[in-house]
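Student: In order, the protein sequences belong to chains A, B and C. Position 218 of the first sequence, counted from 1, bears residue number 218 in our numbering, the numbering being contiguous throughout. For any residue, its number in our numbering is found by taking its place in the second sequence, counting from 1, and adding 1000. For any residue, its number in our numbering is found by taking its place in the third sequence, counting from 1, and adding 2000.
Hint data in this document are derived by calculation from the structure and do not stem from the laboratory.
Some chain B residues flagged as far from chain C (calculated, every beta-carbon gap over 10 Å):
no., residue
1, R1090
2, L1092
3, D1122
Examples of chain B residues lying across from chain C (beta carbon under 8 Å, computed):
no., residue
4, K1031
5, P1034
6, A1050
7, F1051
Beta carbons are placed, not taken as given, at the ideal position from N, Cα and C, and that holds for glycine.
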Amino acid sequence: MLRKSHFNIRKFIYDTFDKDAAKVVFEREGIWDCTTCSACLKKCPKGVDTTGIVMGLRGLMVEDGRIPPPIRDALKSIAIHKNPWKISAEERSRWAEGLHVKNISEGGDILYYVGCTPAYDARLQKVARAIVEILNRAGVDFGILGNEEGCCGSEIRRMGDVWTFEYLAEENIEIFKKYNVKKIVTTSPHCYNTFKNEYKGAEFEVQHYTELIASLIEEGRLSFTRQIDKTVTYHDPCFLGKQNGVFDPPRKVLTSIPGIKLVEMDRARERSLCCEGGGGRMWVESEDSEDRLAKIRVGEAMDVGAQILATSCPFCLLTLEDVVKTGDLEESIKVMDIAELVKEAL
Amino acid sequence: MSEEFEPNIVGFACNWCSYAGADLAGTSRMKYPPNIRIIRVMCSGRVSPAFILKAFQMGADGVLVTGCHPGDCHYIAGNLKCEKTMGTTRKLIDVLGIGEERLRLEWVSASEGSKFADVVTDFTNRIRGLGPLSGKSQG
Amino acid sequence: METAEIRIGVYICHCGINIASTVDVDSVRDSISKLPNVIVSRDFKYMCSDPGQELVIKDIKEKGLNRIVVASCSPRMHEPTFRMTIQQAGLNPYCLEMANIREQCSWVHEDREYATEKAVKLVSAAVAKASLLEPLEEKEVEVRPEALVIGGGIAGIQASLDIADAGFKVYLVEREPSIGGHMAQLDKTFPTLDCSACILTPRMVEVERHPNIELLSYSEVIDVSGYIGNFHVKVRKKPRYIKMDKCTGCGMCAEACIMKGRIISEFDVGMGKRSVPYIPFPYAVPSKYTMDSENCLFITKGKCGKSPACKDACSSDAVDFEQKEEIVELDVGTIVVATGFDLFDAKEKPEYGYGLYDNVLSGLEFERLVSSSGPTQGKIIIGGKEPKNVVFVQCVGSRDKSVGNEYCSRVCCMYTAKQAHLVHEKLPDAKLTVFYMDIRAFGKGYEEFYDRVREEGVRYIRGNVSEIIKKGDRLLVMAEDTLLGEPVDIEADLVVLATGIVPRRDVKEVANLLKISQSPDGFFLEGHPKMRPVDTATDGIYLAGCAQGPKDIPDTVAQAKGAASSAMTKMARGKVKVEVTTASVDTFVCRGCGRCVEVCEYGAPNLEEVEPGILVSQINDSICKGCGACSVACPSGAISMKHFKNEQILSQIEAVI
Ligand SMILES: Cc1cc2nc3c(=O)[nH]c(=O)nc-3n(C[C@H](O)[C@H](O)[C@H](O)COP(=O)(O)OP(=O)(O)OC[C@H]3O[C@@H](n4cnc5c(N)ncnc54)[C@H](O)[C@@H]3O)c2cc1C
Ligand code: SF4
Ligand code: SF4
Ligand code: SF4
Ligand code: SF4
Ligand code: FES
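If we strip away everything but chain A, and leave its shape as in the complex, we get (with noise of 0.2 Å):
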């Protein structure tokens, strides 16, 4: 996503009005650009549902069959492997090889739903397995779906395709009736806010996981034994900030750790920034500008003297990393998930 991206969220507006919605969308540029960040949602003093209005005009698109390749083979991959990832649903689980981690179906309180990336990404199992042995050092009572983990569909609503996210959701709901789940944690902000706010008819707790690990730490169940001189500073991700009001225990959890200097970015919480790695925007290609938004993000860390940028979503860790990698910044600035410096610290 450019800041001047061709997007215009009006132009959409006003034209399908009285045209061909479809053809509309077809011949104008941009509508896979949004991130459905919603920052403009949360600003609209009209209360227009923004985000919603491109998810509905990307409905139009996918059910044309006109959407960009990479988009349809993520939307295929999910109807086969139940992941974006084209890996077989087999191989879910195997992030968790050698760790001490139980299925759900032998019980626990919790449920720890890992998701697509974490599970099948080699960078996010780091964060997965972070998160495992934060828990199990903290002696929470939890399991893992295993294999039968499957897409939790927030990318794939925001991809346009609400028939197979409503699928997704009901199957999901049947799984976790079946184990009995009451309270899921998830890695994701973005599987997070789906389940709270787009899983109709479900009756079960969700937290994302740095909630849980500031709760951890504050009934004294985690403490640190190490020490990470570190200037640290956080971007909050969309979907957990801005969209679900989650600001302080991503904090909270990073002031715990000994020796972090937390410093703000000047657009922190409400006012952050799109990473623009949302909305079904990781599998579309970004043209490399000055523009892009990631490439400003970590540059606003750096401005602000940080040694680490930490985050606490997967997209956010990929698109940022992808900048400090292509920028080579890799001796500045290091892009880290909160799970991974809290694990460091045990």
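Fit chains B and C with the ligands to the supplied structure of chain A, relying on the hints for placement.
Tutor: What follows is chains B and C with the ligands alone, placed relative to chain A:
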């Protein structure tokens, strides 16, 4: 249902808007069927379910209650209270076998003479279509 | 109770041919003459003419009639006429009933047979009701010649002066140590650019000097009971810890106080500092000092040095730490509510960085900054420097569903134009940009002023600012120019937010206190949006200024004068008629459930304990408006409506079918 069936319709109109709207229909010489007889109350909120039941019991085939538009009631919210009461009354008359479509609530402002005439015409035709409430009632 | 025989006279009007051409008047007359209690049934060409009325009077006298039915035009037209007619003949005016056979019969129907049949029914219904009518006494209550004005902003000041000038006593209750309200904080006022203090101060002084005005400053209304004519009001005078009669306003205490210059000045909206003993601003009225009890060491900690420096410094011995709050009780005939507004808190829009950056100011802060009585003596200096680039953002907290304020604040377009002009005047080289959604310049001279400001070089960009972030030591304002459909970035040294007008924080409590309502936007609700814009649903209570909704000074003053004149009309006559057709409770039937209390919009019914444990509703007929809602709500059928009793209406229903 005979072609000649002329229903009896009782109307309740609040003094401030609807009764004035009915008057305006008159001053503007609009025409509507003569079946309706209007009883003036100060506010639609004064219309008690007992009045409606009495009307049906006496042989009315339809009852039309009119009040100011929401927000315009002379007594702030009498019309909204009326809306609530009418909701429960409608259920009640349905249970009694009268049929809820025989009771209608409409908002008519003092400037809506033509709306008043239209509402009365439409309601009269509907009731005419429904036929008499009890076999014996004849217009 | 009337036990005499009911003797009804019925008069059917031809209205020229207006009725007679569609309704067979003779046939109606004959049918009606057969009804019980009908002594005479007549028709006449024009009932409202003098001979028509004479006819009625004569019959009443000669035939001993005691109930009259006139079948003619709408009662909305001639009910008052015929009430007067029968009164002349010695009957109670409420012994009249009318049948509307013109507007609701002859004029709307064409078929003579049906119209005649309907007319008979309508007149029969009127006869049926007439048989059951009861004489009612018209009641008047006295109106005390004293008024209470709540709030001493420009609205309250204007209303007080008008009422006092007319010769009535006014109690003006102001919560703060001084009157003046927001207008006292403004620099110049649009569109004429008069200096706010120059036009306000004389009025404030007039209030202080006026023999008919008693100013209760630093006071709050805590209880109101009664009704129009006789409100009983309790006011709490907060302790100032400084004796009003002794303080000369010299300010020695403030100079001496060890906390001097350490307390944030509310008047300068946080941009200036003051002492513990303070007057809010130099031309305050009353010009007496007040001890800020929350920050005073002696009051909070019981100790301040060896002995409080303020007390030692005061040569008039005015400092009095023993002072206690005082409750003053007042009896007034009318009340004007002029409690004004609060400013929208721009922190609710985090994207603008208000509260985060020192160079993002609210509209009111900017007024103080640019005012020569303000913290910088009117120099526009921010972070030690004169700004080169100033950006104004309109509609902050107004017209914005995301913060729950859908309405337009009506002053911020114009005050932004004014503020831009003031910057231009003081810093001619500064680049000025205004971001707006729409420009609302609807008042006299407003559009002209807006044009003038644009001609001065102020750039207006249509579009909402999406975010304001830091860029070095400047600010980066980002937005979309929606006319061009392009993003714009502007670097600024100062951003002024056109913060809107919101209801007072305690608006709900004040509404409850006075039993008046609020509109959906939270401001007090007027009697009717068009026809009764200064009244409330409660007789004798009137609204003025921003308490009723956002408005500028001209509109505020106009409304204040309207409210004052409404109050004066009632007081000048000294009496008001109260509604006759009210509700009354049969105390034997009432079971004290309180449904009537819940349902009444005016607070007329009250549950009273007649015997220990036994509650009975009593309806105050000076407050009751006669809507009838309670009588429908009452599960026991204890409430009857005068002139619209259940029996009366049921008899009409019976007759009409
Ligand atoms: C930044 C800004 C600039 C403006 N510039 C202009 C301009 O240039 N020209 C123009 O025409 N208009 C301007 N206005 C509008 C103007 O300020 C208002 O029209 C005017 O102040 C309204 O006066 P008021 O008396 O209704 O309310 P207020 O000024 O708010 O006065 C209300 C008074 O009531 C008191 N009070 C409140 N509650 C109670 C209570 N419960 N008991 C006792 N007392 C109470 C308050 O202390 C206050 O003194 C501006 C407004 C703002 C915010
Ligand atoms: S007692 Fe002390 S703190 Fe209080 S006003 Fe006097 S000098 Fe100031
Ligand atoms: S007056 Fe102007 S700035 Fe204020 S809310 Fe209305 S349109 Fe917006
Ligand atoms: S609603 Fe009727 S019974 Fe209940 S308190 Fe009021 S008058 Fe009495
Ligand atoms: S008639 Fe209306 S105003 Fe009078 S007491 Fe009943 S509810 Fe209140
Ligand atoms: S006065 Fe018309 S509905 Fe209440």
